Amino acid sequence: QKEVEQDPGPLSVPEGAIVSLNCTYSNSAFQYFMWYRQYSRKGPELLMYTYSSGNKEDGRFTAQVDKSSKYISLFIRDSQPSDSATYLCASGGYGNNRLAFGKGNQVVVIP
Amino acid sequence: NAGVMQNPRHLVRRRGQEARLRCSPMKGHSHVYWYRQLPEEGLKFMVYLQKENIIDESGMPKERFSAEFPKEGPSILRIQQVVRGDSAAYFCASSPIGQNQPQHFGDGTRLSIL
Chain U
2 QKEVEQDPGP LSVPEGAIVS LNCTYSNSAF QYFMWYRQYS RKGPELLMYT
52 YSSGNKEDGR FTAQVDKSSK YISLFIRDSQ PSDSATYLCA SGGYGNNRLA
102 FGKGNQVVVI P
Chain L
56 NAGVMQNPRH LVRRRGQEAR LRCSPMKGHS HVYWYRQLPE EGLKFMVYLQ
106 KENIIDESGM PKERFSAEFP KEGPSILRIQ QVVRGDSAAY FCASSPIGQN
156 QPQHFGDGTR LSIL
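Chains as they are written, first to last, in this note's numbering: chain U, 2 to 112; chain L, 56 to 169.
Derived by calculation from the structure, the hints in this document are not laboratory data. Computed from a prediction, not measured in an experiment: that's the story for all the values here. You may find that some hints are simply not true.
[As the list claims (entries may be wrong)] Chain L is nowhere near these chain U residues, computed Cβ spacing over 12 Å in every case: (1) N56; (2) T63; (3) Y72; (4) P82; (5) D84.
[Unchecked claim] Distance condition first, Cα-Cα at most 27 Å in a straight line; then the derived BS3-like pairs of lysine-lysine: (6) U:K3 x L:K99; (7) U:K57 x L:K99; (8) U:K104 x L:K117; (9) U:K43 x L:K99; (10) L:K82 x L:K126; (11) U:K104 x U:K43; (12) U:K71 x U:K3; (13) U:K68 x L:K99; (14) U:K71 x L:K99; (15) U:K71 x L:K82; (16) L:K99 x L:K82.
Glycine included, every Cβ here is placed at the ideal spot set by N, Cα and C.
Chain U with its partners taken away, still in its complex shape (with noise of 0.2 Å):
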């Protein structure tokens, strides 16, 4: 089993609409949650970094993380063509600072 669940299949969306977009992960010790974003041809890009379980918000980035079904989610508001890329989940215990990384979402914001 992956130590980071990610269904990779591509989303594409309307403009304006939000995004949502889901992993689940297996190691119990995990206690730092991030998304990355990846443009092609780019390297990975940190959007959201969170500690335990809750909520965070950055502008129009809402990370949640629920370590009692260990499931992390990124919702994007208002999207625009711009967030089109490939939207990476990671998890990282404490002590251990190697990442484990979801396949990444592929996401397409129609105009």
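Using the hints provided, position chain L relative to the given structure of chain U.
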């Protein structure tokens, strides 16, 4: 640009040659990580280094791969006697000192093996 710098961006090698990938961390960062991204796969952790120390190499293949982060200069990921299966994008990340600090990535080196 004070971000993580990787070079070269693209590297082509023939089977059996050596590949050297370089990474300069963000200013003020003393921790370096290497990840590999294969087509249709997520990023896979390879190795975590601090200056002159390998902290965690649990993701490194046992043979042909090595990494270093010397006191002076960039971190180097070295792949000896490359094979076709080594073709991938190799990403370096860095973080400041401290546990579980956010990791910031470079734009990667795309290695192609002929």
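Do the hints match the structure? See the list:
no.	hint	verdict
1	N56	18 Å, holds
2	T63	18 Å, holds
3	Y72	18 Å, holds
4	P82	22 Å, holds
5	D84	19 Å, holds
6	U:K3 x L:K99	11 Å, holds
7	U:K57 x L:K99	26 Å, holds
8	U:K104 x L:K117	24 Å, holds
9	U:K43 x L:K99	16 Å, holds
10	L:K82 x L:K126	15 Å, holds
11	U:K104 x U:K43	16 Å, holds
12	U:K71 x U:K3	13 Å, holds
13	U:K68 x L:K99	23 Å, holds
14	U:K71 x L:K99	20 Å, holds
15	U:K71 x L:K82	34 Å, violated
16	L:K99 x L:K82	24 Å, holds
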